[in-house]
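**Student:** The residues making up each chain are set out below.
Protein chains: 2
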Amino acid sequence: MPARSLAQQLAAKQREISVAEFFERNRQILGFDNPLRALLTTVKEGVDNALDACEEAQVLPEVRVEIAREGADRVRVSVEDNGPGILKREIPNVFARLLYGSRFHANRQSRGQQGIGISAAVLYAGLTTARPAKITSKVEEEEAAHVVELLIDTQKNLPRVLSEDLTLWDRPHGTRVELLLKAKYQRGRQSPFEYLKGTAIVNPHARIVLTEPDGTRVTYERVSEEVPPVPKEVAPHPYGLELGELGSRLKAARYSSLTETLLKERAGVSPRAAREVLSAAGLTGKEAPGDVHGEELERLLAALHSVPLVPPTVDCLSPIGPLLIKRGLRNVLGEVRPDFYAPPVSRPPRVRGGFPFLVEVGLVYGGGLPVDQPIQLLRFANRVPLLFQQGACAITAAVEQMDWRRYGLDQRGGAGLPVGPALLLVHLASTKVPFTSEAKEAIAPDPEIEKELTLALQAAARHLRTHLSRRGRRDQASEKFAIIQRILPKLAEKTAHLVDRPVPDLTPVITRIMDIVFVDLTSPEGAGPTVRAEITNYTPRPRVLETFLEMPAALLGSATFAPAPDGTDPGLGRAWWTLAKLAPNARTALSVSFPPGTEVDASDLSFYVAGVDEAHLLGAEPLPGDWDIRLPRAVIEAAQDAGEPLPAADETEVDYDAAEASEGARDDD
Amino acid sequence: MPARSLAQQLAAKQREISVAEFFERNRQILGFDNPLRALLTTVKEGVDNALDACEEAQVLPEVRVEIAREGADRVRVSVEDNGPGILKREIPNVFARLLYGSRFHANRQSRGQQGIGISAAVLYAGLTTARPAKITSKVEEEEAAHVVELLIDTQKNLPRVLSEDLTLWDRPHGTRVELLLKAKYQRGRQSPFEYLKGTAIVNPHARIVLTEPDGTRVTYERVSEEVPPVPKEVAPHPYGLELGELGSRLKAARYSSLTETLLKERAGVSPRAAREVLSAAGLTGKEAPGDVHGEELERLLAALHSVPLVPPTVDCLSPIGPLLIKRGLRNVLGEVRPDFYAPPVSRPPRVRGGFPFLVEVGLVYGGGLPVDQPIQLLRFANRVPLLFQQGACAITAAVEQMDWRRYGLDQRGGAGLPVGPALLLVHLASTKVPFTSEAKEAIAPDPEIEKELTLALQAAARHLRTHLSRRGRRDQASEKFAIIQRILPKLAEKTAHLVDRPVPDLTPVITRIMDIVFVDLTSPEGAGPTVRAEITNYTPRPRVLETFLEMPAALLGSATFAPAPDGTDPGLGRAWWTLAKLAPNARTALSVSFPPGTEVDASDLSFYVAGVDEAHLLGAEPLPGDWDIRLPRAVIEAAQDAGEPLPAADETEVDYDAAEASEGARDDD
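Top to bottom, those sequences are chains A and B.
FYI, in this note's numbering the residues of the first sequence are 3 to 671.
FYI, in this note's numbering the residues of the second sequence are 3 to 671.
If a hint is listed, it holds; no wrong ones were tucked in.
For identical chains, the list gives no copy identity; a pair is met inside one copy or between any two copies.
Keeping only pairs whose Cα atoms sit at most 30 Å apart, straight-line, the calculated BS3-like set for lysine-lysine is:
hint : residue 1 : residue 2
1    : 15        : 158
2    : 453       : 234
3    : 266       : 253
4    : 496       : 482
5    : 15        : 253
6    : 158       : 90
7    : 15        : 266
8    : 136       : 199
9    : 136       : 253
10   : 199       : 453
11   : 15        : 90
12   : 136       : 15
13   : 186       : 199
Note that these hints are calculated values from the structure, not bench results.
So that you can see chain A by itself, here it is in the shape it has in the complex:
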């Protein structure tokens, strides 16, 4: 009977596949499919581990990457850090066993989450050069460092230690991994050089030194002395939890009652919410968690998804934050001198599939960025640059699906990467980033993430639109100024000469034509960290102006003002002045200085003027509608002073709410 032997023959061929064997054969999935990418992936896994380790130990990272050629197609790579070091007994498993690690089961943001990374590099090195990886690691409590040479036994997915030794090391603690692999080094778009540059942008607290094969040393100095706090491990949030997941988690629960399990092993469940959930599910809460199954389990899940819970907290995440995004960009974009840094956007955290995440966006415009090319898109996940697979990434999709023409960039057909002198930085931070593969190069499509990406991109794009339209109006007005101020006096002089009269005062004419309060915010070069606001009254009436300067609260604390402000609100980061009455065509100035070394420029500050509506204000913003000042004191007093009637409502009350609402309606939905 041939069928008998066939089914049996087939059965005889069934075998377990070791995960190391699987990835040895499918090394492209891990990012090792060609010599250039293999090198990048190796550097990336080493540096990611180094930064994670330093963060856990709360040390400012000092990372050294050395790349040296060895023969025609081999490269020796070493990555060294000043992290806490690894206990000797853990070294083999950490470096030579796939799917082994400390961060997979922890529900908090970290660079490595898969337990694959560095072991994959060791696997690839062994595969291509048959040479072991050399690990040196020292923990603070021991005198000497351990040196271990190891390979992976791919058939078993277990470490094979070839030698163990001790050595003296000048670092108090740290780890160094050294590998010989088939690889190729060159600078370029997807090179270790670019990867480390991107890493420096989003890890401004790290100092990274790269030594290239020709001996060139590239150093990225840190621009922040603060180690980001270790993200806290949190219980998983019930939003987006699946039925089978809930079931198996309840079976594995450490508490004896369902109520206690819900309170302790789930994030966001308050005692009150727990009562509501249980009652909605028809449960008492006294059940043993492992006994809840079948329909009870389904009702419990439905209740967890319908009862409002406390949203996830941000402390399991480690966002970069607006200030450091800007500082990181500035550090690396120094030579490009962009005109405009949009205030970076940091969205509130959301949950998908039980995992919190948040999106951050930075946008830079102008300066030396190329005008006629697609914008530069820098993608990051958990503070790690993503250099490959841009086309397969949800970040790219979100950028390409937006109509950037509405925000002032060129874009063919309203889709695809827009064209213009802009650079976008997009960062996704999550306790679990849904990568499309183990190579961690692209984020899988996901409606929740895409929605947040779009909202963040729109917010950044609105800043760009405002900047471009202000710049447009300002350019227009400046042109008008120039013409008026050049032509009018000449005309007047000529006319006066013809009729043999003295040249008249042109102020009323000029101000009637201009009819604008002009604010010029500059950071004068060489004057140290100073921002100066020059206010000119190009309107036909004398004006008492109430002005507000807004800046990050941290900056306000260290600022020195001239003249002294009439008041400050350190919490909101605001200072305000009621300026002495300004005659038509007259000018006054304010200045703010910061201690030497402070990084600040005009775009960090916002200048608001009350009581002048948008049409008559240039270079500053009208007072937002939600600030609690509708008809400012100064305006009223000035009017009373001058014996003039109160300004018309339309000049003082701009319906900011309506403007905001219509903006929101256009963009956010």
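Given the structure of chain A, go ahead and fit chain B onto it with the hints provided.
**Tutor:** Relative to the frame of chain A, chain B by itself:
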């Protein structure tokens, strides 16, 4: 000492991660990240297994896929086949254990190569609905079928069997898998409907029946009764082998001497090549294979890569083949009625990283395909349609990087998907397809594969260019015909009437203006499978034409000709006629009929005419230069007959080699 506790704390958190846990958390990597994709992946894994099993058993596959809605967001899926069935003891591991299978270690083409697929679907079903998968399987030698309900224990990556039973089943052998999962069914670009359509194109020997949730039944009938042969398992070829790989394979070798190991465990190594390799490496061949390491190993690898070896054989691969590509496309594109099926391209096999692969391309043009949209690109790997991640796929990259404007398609800037009424089918067959992730949706970039893809695409594109330029010339000539034949007689009549003379014979004038031999190849509708060639001599001299008809050898065997040909060459698939002398403006015809049911149309046949150069021939091809007839007998005899001088050499000898060479130089490098 806080550092002590930190390194120790971190060590305490290190844990093994089960591969099932890993993929439960990273289900997007397996293709289960949203309800639509989860359903497609489930159907795909089920059907891929079904087709692989039938192929192994050499049965014509009968696959039934049923999809039913269950509640708001759940779907019940079953896939049933008539394969050999699975032994009861293997069912749990096959369906509920990741990285377990029979095809991973076999070096031959199959759909499933990873040992993950169907178990991933079982994992996802358990995760989202907590319901077990139900497996029914019967092997021929047993009376009853086994029914097993199972889940995956994700912590251990082992099957958890919930129930086992026996049932009577009307199939002699086969397997059915039934799953309840969170999913969504809809037709559309990335749906099971499209996937099965694509599967039918590249598996013309399979009969597939899909039952949709609303009860609609879609049947793809088989159009071939031949089961493709089971690809043979071959020893891995040394080309592209890595050092570490060679080392570990030698350690695991079953033979005692190096010579024997090279001969038996490596493909392509003849006894002579083995001697050369060993001598180049400075080895005797008597070494125990496991003892070869270090520099000896490196020398051995270098020798294996430099000594010429027998290239890989194709029998570990299962290409679709030109005939079935065309038939498959025709079966599914019926309603579109394309104008042109380019002769499908099947490239010879190549090796990358020790794994043989080959590329096939089909191209269809015109008919009802949309004119103003990007071409349709159907991607396949090992006879499986790839529906997601088009942007991340090497196939897409190869298509987009080609300048299709040179081949007659519209393409902005000479890059990107071209626009036009064309459909491209691209198939990569390999013993190991380098997918970008376990979801098997895109092929990773690889220079060897991309080169073959480009060559195959260029070959198909050249056929398109020829078709379009012939169509262009023919359209032009037809227009000229129409004008001449409408205007000239009227002019003649009018002139004759004016001068009161009889209307002259216009033939000499018309033929002098046309000066062309015109061949019209048609398959008359309703005439059964018949192709008719009508030959008109629009030249000013009488002509004896030697004509050749070429077709696939299989077609020639069943053809009936009228009139009978002067000769046939069944091996080359050619028949030829020396046509009776054709006067200017005279016409003659040939016809070829095939048995009812034969699939054939004019584009399957090529018509060649000897002794008329390209400039004077329309609708047929001049005789290729490598056919062994330069100045055909008929031409010589006709000239002698007519007492005319022999035709000028430039009219009979076209330098085809030079034309080919310049074509090659332009395209192939």
